[in-house]
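Based on the sequences and whatever the hints tell you, model everything.
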Amino acid sequence: MFLIEMFLYLGVFAAGVSGALIGIKKELDLFGVLFLGGATALGGGLVRDVMLGNLPPVGFLDPVYFLVSTGAGLLTWLFYHRINRLQKFILVSDAIGLGVFTAVGASSAIRHGFDEPFIVISMGLITGIGGGVLRDVFVKEIPFVFRKEVYAIASIVGAAGYYFTAPLMPRPAAMYLCLAVTFAIRIASIVFKIDFPVYKENKPSKP
Amino acid sequence: MFLIEMFLYLGVFAAGVSGALIGIKKELDLFGVLFLGGATALGGGLVRDVMLGNLPPVGFLDPVYFLVSTGAGLLTWLFYHRINRLQKFILVSDAIGLGVFTAVGASSAIRHGFDEPFIVISMGLITGIGGGVLRDVFVKEIPFVFRKEVYAIASIVGAAGYYFTAPLMPRPAAMYLCLAVTFAIRIASIVFKIDFPVYKENKPSKP
Amino acid sequence: MFLIEMFLYLGVFAAGVSGALIGIKKELDLFGVLFLGGATALGGGLVRDVMLGNLPPVGFLDPVYFLVSTGAGLLTWLFYHRINRLQKFILVSDAIGLGVFTAVGASSAIRHGFDEPFIVISMGLITGIGGGVLRDVFVKEIPFVFRKEVYAIASIVGAAGYYFTAPLMPRPAAMYLCLAVTFAIRIASIVFKIDFPVYKENKPSKP
Numbered sequence: 001m002f003l004i005e006m007f008l009y010l011g012v013f014a015a016g017v018s019g020a021l022i023g024i025k026k027e028l029d030l031f032g033v034l035f036l037g038g039a040t041a042l043g044g045g046l047v048r049d050v051m052l053g054n055l056p057p058v059g060f061l062d063p064v065y066f067l068v069s070t071g072a073g074l075l076t077w078l079f080y081h082r083i084n085r086l087q088k089f090i091l092v093s094d095a096i097g098l099g100v101f102t103a104v105g106a107s108s109a110i111r112h113g114f115d116e117p118f119i120v121i122s123m124g125l126i127t128g129i130g131g132g133v134l135r136d137v138f139v140k141e142i143p144f145v146f147r148k149e150v151y152a153i154a155s156i157v158g159a160a161g162y163y164f165t166a167p168l169m170p171r172p173a174a175m176y177l178c179l180a181v182t183f184a185i186r187i188a189s190i191v192f193k194i195d196f197p198v199y200k201e202n203k204p205s206k207p
Numbered sequence: 001m002f003l004i005e006m007f008l009y010l011g012v013f014a015a016g017v018s019g020a021l022i023g024i025k026k027e028l029d030l031f032g033v034l035f036l037g038g039a040t041a042l043g044g045g046l047v048r049d050v051m052l053g054n055l056p057p058v059g060f061l062d063p064v065y066f067l068v069s070t071g072a073g074l075l076t077w078l079f080y081h082r083i084n085r086l087q088k089f090i091l092v093s094d095a096i097g098l099g100v101f102t103a104v105g106a107s108s109a110i111r112h113g114f115d116e117p118f119i120v121i122s123m124g125l126i127t128g129i130g131g132g133v134l135r136d137v138f139v140k141e142i143p144f145v146f147r148k149e150v151y152a153i154a155s156i157v158g159a160a161g162y163y164f165t166a167p168l169m170p171r172p173a174a175m176y177l178c179l180a181v182t183f184a185i186r187i188a189s190i191v192f193k194i195d196f197p198v199y200k201e202n203k204p205s206k207p
Numbered sequence: 001m002f003l004i005e006m007f008l009y010l011g012v013f014a015a016g017v018s019g020a021l022i023g024i025k026k027e028l029d030l031f032g033v034l035f036l037g038g039a040t041a042l043g044g045g046l047v048r049d050v051m052l053g054n055l056p057p058v059g060f061l062d063p064v065y066f067l068v069s070t071g072a073g074l075l076t077w078l079f080y081h082r083i084n085r086l087q088k089f090i091l092v093s094d095a096i097g098l099g100v101f102t103a104v105g106a107s108s109a110i111r112h113g114f115d116e117p118f119i120v121i122s123m124g125l126i127t128g129i130g131g132g133v134l135r136d137v138f139v140k141e142i143p144f145v146f147r148k149e150v151y152a153i154a155s156i157v158g159a160a161g162y163y164f165t166a167p168l169m170p171r172p173a174a175m176y177l178c179l180a181v182t183f184a185i186r187i188a189s190i191v192f193k194i195d196f197p198v199y200k201e202n203k204p205s206k207p
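Going down the list, the protein sequences come from chains Y, U and F. In case it helps, UniProt numbering puts the first sequence at residues 1 to 207. In case it helps, UniProt numbering puts the second sequence at residues 1 to 207. In case it helps, UniProt numbering puts the third sequence at residues 1 to 207.
Please note: incorrect hints may appear among the correct ones.
Result set (DSSO-like, lysine-lysine): computed pairs, CA atoms no more than 27 Å apart in a straight line [to be verified]:
no.	chain 1	residue 1	chain 2	residue 2
1	Y	K148	Y	K26
2	U	K148	U	K193
3	Y	K26	F	K148
4	U	K140	U	K200
5	U	K140	F	K148
6	U	K148	F	K25
7	U	K193	F	K26
8	U	K26	Y	K200
9	F	K140	U	K26
10	Y	K140	F	K200
11	U	K200	F	K88
12	F	K25	Y	K26
13	U	K26	Y	K25
14	U	K140	Y	K25
15	Y	K193	U	K26
16	Y	K88	Y	K140
17	Y	K140	U	K140
18	U	K25	F	K26
19	Y	K200	U	K88
20	F	K25	U	K140
21	F	K200	Y	K26
22	U	K148	U	K88
Examples of chain Y residues lying across from chain F (beta carbon under 7 Å, computed) [claimed, not checked]:
no.	residue
23	E27
24	L28
25	D29
26	L30
27	F31
28	G32
29	F60
30	P63
31	V139
32	K140
Only part of the chain U face toward chain F is listed, based on derived beta-carbon distances under 8 Å [unchecked claim]:
no.	residue
33	V50
34	M51
35	I142
36	P143
37	A152
Since the hints were made in silico from the structure, they are not lab data. Just so you know, even glycine gets a beta-carbon here, dropped at the ideal spot from N, CA and C.
Structure (structure tokens):
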């Protein structure tokens with residue numbers, strides 16, 4: 001499980017950077033910036049652990065994730081302009097994070113004895129997107145994941161992949177597969193600029 | 001309990017429609033629209049189950065409510081203009097939902113061994129209004145229930161009615177009574193256009 | 001523990017007033033005003049109890065805090081203009097509340113058997129600032145505590161003080177110390193107008 005843990009730390013780091021960047025843009029103070037980075041990195045896992053009744057959540061019992069996200073936030077504060085320019089690196093790291101968070105969440109449901117498809121996929125999805133939803137609510141934005149691009153769907157497909165392959169192979173193999181599927185869908189949607197459909201009202205006033 | 005379950009599904013359906021309609025108006029994508037419908041339909045019960053320590057919440061263990069709300073969301077997406085015109089039907093279904101969610105929430109507190117009035121009424125209220133509060137927070141609105149009309153009060157009075165009558169009659173009878181009281185207050189407030197008071201500042205600049 | 005309980009009630013009262021004042025300014029109805037006061041007063045403790053798995057949260061089992069916050073909200077509704085002018089009294093009471101909530105939260109973690117520094121300080125901080133964060137999210141503001149002044153830091157330092165002194169002295173003494181430290185930092189930051197740093201972008205367009 002060494003490699004997947006490295007991906008997990010990378011995902012936590014990327015989420016901490018993403019939250020801190022938005023915090024700086026929204027003119028939060030240093031506490032707000034680091035808190036927003038932490039909420040983005042740990043929020044999904046917190047909500048999942050609450051839902052599973054796994055309390056206190058892992059994020060409070062093992063501070064290493066908090067330390068990684070706070071380190072990411074501090075680096076973002078110190079090197080804002082340089083980091084803000086690394087958009088491609090951030091997008092790729094965030095897609096890895098989405099994949100690994102989904103895999104950890106889905107496998108966490110099974111580890112706690114809940115192996116029905118709905119709850120496995122839900123826990124994957126909540127772990128994958130929960131932090132970003134919290135981040136956006138805290139800075140008064142309609143969550144990004146509800147509005148555009150293919151983000152949640154990548155997590156749902158990846159979690160479903162985990163659910164169906166977990167009985168067929170060793171647990172870590174199913175997690176890598178989930179990560180790969182989620183990552184591939186997310187990156188493909190960015191490369192090919194695929195958006196999930198938005199309802200078009202027939203506005204007769206439009207020329 | 002057959003009839004009250006039918007009302008429960010109707011309430012979940014109406015909440016799914018209400019969330020999806022708002023999601024479409026806020027230009028969410030299809031995932032966002034369905035998620036918002038689900039949050040509106042299941043959110044109150046989720047928060048209640050977290051508060052009662054009843055984890056994982058019912059909504060994750062039994063996917064039927066999720067399926068009903070997703071079905072409601074999909075129908076709303078497909079027939080948006082037609083459904084958007086059914087305002088009276090939506091208002092009445094939503095009032096039934098408020099009543100049945102309140103009854104289910106209040107009885108859930110007692111079923112889990114908490115029979116003090118404050119917690120029984122709180123759990124009725126949280127189940128009744130929680131989904132709508134979540135929906136409004138997700139789309140960046142101050143929750144409707146905090147701002148106007150008689151909505152939360154109907155739920156509080158209904159839940160209090162449940163608390164006082166539950167020891168006197170069979171459980172389902174008290175639930176029907178709670179549903180009827182909540183529904184009647186909510187509908188009466190719409191028909192007679194009764195708002196709960198809003199503080200009027202003495203603005204001397206107003207002519 | 002008599003004196004610290006009096007401080008606790010004062011803190012709940014001040015939080016109820018602060019929530020109700022904002023609710024009136026945001027033109028909520030009477031239910032919304034009282035609900036916002038209650039969320040501000042009880043929200044931090046609710047979130048902490050969820051995180052600790054201490055369910056149902058104390059705030060639902062013992063309605064006295066709810067009664068105090070609702071009383072505070074009603075008084076604010078009845079005497080809005082007079083109370084709105086008591087800014088200094090509100091600031092001082094709020095600072096006492098921040099201190100006592102932090103002390104109660106940090107000691108609650110230890111009482112439930114979690115004595116690692118990260119979780120003790122987190123539970124102090126969540127109890128201290130959680131209600132205000134909820135209040136601001138409900139009325140569509142970026143939480144105050146993320147944006148300016150020294151507020152969260154006072155709570156973090158106070159909770160750290162509790163963590164390090166709790167093994168050395170009777171529990172109540174450590175709680176008073178936490179309260180005093182948090183209060184002193186918060187008040188000093190107001191008196192000397194100290195803000196936590198906000199990132200300054202080098203905007204070349206500024207003359």
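**Message:** Going through the numbered hints above, which ones does this structure break? Give me the numbers in ascending order.
**Reply:** none
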